[in-house]
Amino acid sequence: MPPEQPGPLKNQVRRLRFERGEMTQQELAERVGVTRQTIIALEAGKYTPSLLLAFRLARAFGVGVEEVFRYEDGDGTGRGSG
Amino acid sequence: MTPAQKNAWFSLAVVATCLAVLAALVPMLGPVRAQGAFGIMGLLGFGWFFFRKPPGEVVADERDDQIRRRAMLIAHFVFWVVFLLAGVACPFLYGPTGAVPVLVVVYGLWLAFSLFLTVAAVATLVQYSLGGDDAA
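As given, the protein sequences belong to chains V and A, one line each in that order. Residue numbering for the first sequence is 1 to 82, as defined by the numbering used here. Residue numbering for the second sequence is 83 to 218, as defined by the numbering used here.
Extracted from the complex, chain A is given alone in its bound form (with noise of 0.2 Å):
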């Protein structure tokens, strides 16, 4: 497994926990208070240690950047699709002069952050399992 790939496990599992220590911590905390939860992101920095590179080994390439910038792009594909549909939706559920509520916002850009991560992270576990395609 490349560090790509296992950072892309580990991104996976922090979203995981994440969405599934505010789902439990909602009830008993309150929607404000859960926000803690989100706390749990911070694990993410992390990340690097999969990418230590040991002397004279070479723990990336021009595959595994091809398969991330691909990942990336897909990620942004998505983000964008839901941030426009979500705006559209916004009216509806509001109404035309409504105002959104500064928690749906905050949770919105919390999920959204989600969203991308595990998209990214799915993206990039697929292309490996296909073989990682053509060099740009």
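Isolated chain V, as found in the complex (with noise of 0.2 Å):
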């Protein structure tokens, strides 16, 4: 189970990576043009994506960006598909 993510932004990244074949990290990281650290720090919640990294990753994934990116209110209420 991954670990809880810290902050507002929730992604489903990890999760699509896994359903997609088991996406590597890497071939994730190539596809939207960033580095294997990056995709690390997103999956733990510890770096929020530019708007233009969020939707080449929904494009990545073939789905919209708030099937990738959820945004969570203080009350716990979410906002996106995700």
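Hints are computed from structural coordinates only; laboratory data are not their basis. Check each hint, because a few of them may be wrong.
Unchecked claim - With the C-beta cut set under 10 Å, the calculated list includes, among others, these residues of chain V facing chain A:
1) 29
2) 30
3) 33
4) 35
5) 37
6) 38
7) 41
8) 42
9) 46
10) 47
11) 49
12) 50
13) 53
14) 70
Glycine included, every Cβ here is placed at the ideal spot set by N, Cα and C.
Starting from two chains that each stand alone, build the complex the way the hints lay out.
Have a look at this one:
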């Protein structure tokens, strides 16, 4: 089970990666044009990407941005479909 | 370890070596001739080695760029604080109508450069250890 991501922005990168034939972090990094360390930081919730990278990630998975990222308010209500 | 982290460690090693050699040379050669030790800083030019880009490989992205910019900002801030404090301290050290020795100015410049590099390197390493935070 992946660790709880800190901050209000949660992402489904890890889950989506495994649902896409266990795509490796390196493969995803190459597809979106970042380093593997950035994918690691993203999955750990330690890095919030730029809008451009968010769209590139969503496109790499073939889904919408809101399926990859979800904004959670302080009261725990989620925004987005993740 | 990312190229930026390797470069930060390399910068720290160069600065530490330079200051150690300087400390060893000053008693032997005197403060004027010992300045040659600052030539070791020239090794920093080899930092580009860490950023060589193999075909098809990404060596730095928006997160690395964000970390680098923040590290530079922190280093600039620390530099200006120290610069202002040094300016304020001069009248107390040399008197209100005194003169700052040329050698003090030269050493001050080199040490300020060393401080800038050290702060930038440490800020880079700390940010990577914390995860890199958010994009701008």
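Hints, verified against the model:
1. Taken as an interface hint, residue 29 of chain V checks out: its beta carbon lies about 7 Å from the nearest beta carbon of chain A, inside 10 Å.
2. Interface hint status for residue 30 of chain V: upheld, as the beta-carbon distance to the closest one in chain A is roughly 7 Å, under 10 Å.
3. Because the beta carbon of residue 33 of chain V sits about 6 Å from the nearest beta carbon in chain A, less than 10 Å, this interface hint is met.
4. Look at residue 35 of chain V: its Cβ gets to within about 5 Å of chain A, closer than 10 Å, so that hint holds up.
5. Interface restraint check for residue 37 of chain V: the shortest CB-CB distance to chain A comes to about 6 Å, inside 10 Å, so the restraint holds.
6. Look at residue 38 of chain V: its Cβ gets to within about 5 Å of chain A, closer than 10 Å, so that hint holds up.
7. Interface hint at residue 41 of chain V: satisfied, since its Cβ lies 5 Å from the closest Cβ of chain A, which is below the 10 Å cut-off.
8. Taking 10 Å as the C-beta contact cut-off toward chain A, the hint placing residue 42 of chain V at the interface holds, the least distance being around 9 Å.
9. At its closest, the beta carbon of residue 46 of chain V sits 3 Å from a beta carbon of chain A; the interface hint therefore holds under the 10 Å criterion.
10. Checking residue 47 of chain V against chain A: minimum C-beta separation of about 5 Å stays under 10 Å; hint holds.
11. The interface hint given for residue 49 of chain V is met, as the beta carbon of that residue sits about 6 Å from the closest beta carbon of chain A, less than 10 Å.
12. Because the beta carbon of residue 50 of chain V sits about 4 Å from the nearest beta carbon in chain A, less than 10 Å, this interface hint is met.
13. Hint status for residue 53 of chain V relative to chain A: holds, with the closest Cβ pair at about 6 Å, below 10 Å.
14. The criterion of a C-beta within 10 Å of any C-beta in chain A is not met by residue 70 of chain V, whose closest approach is roughly 16 Å, and the hint is violated.
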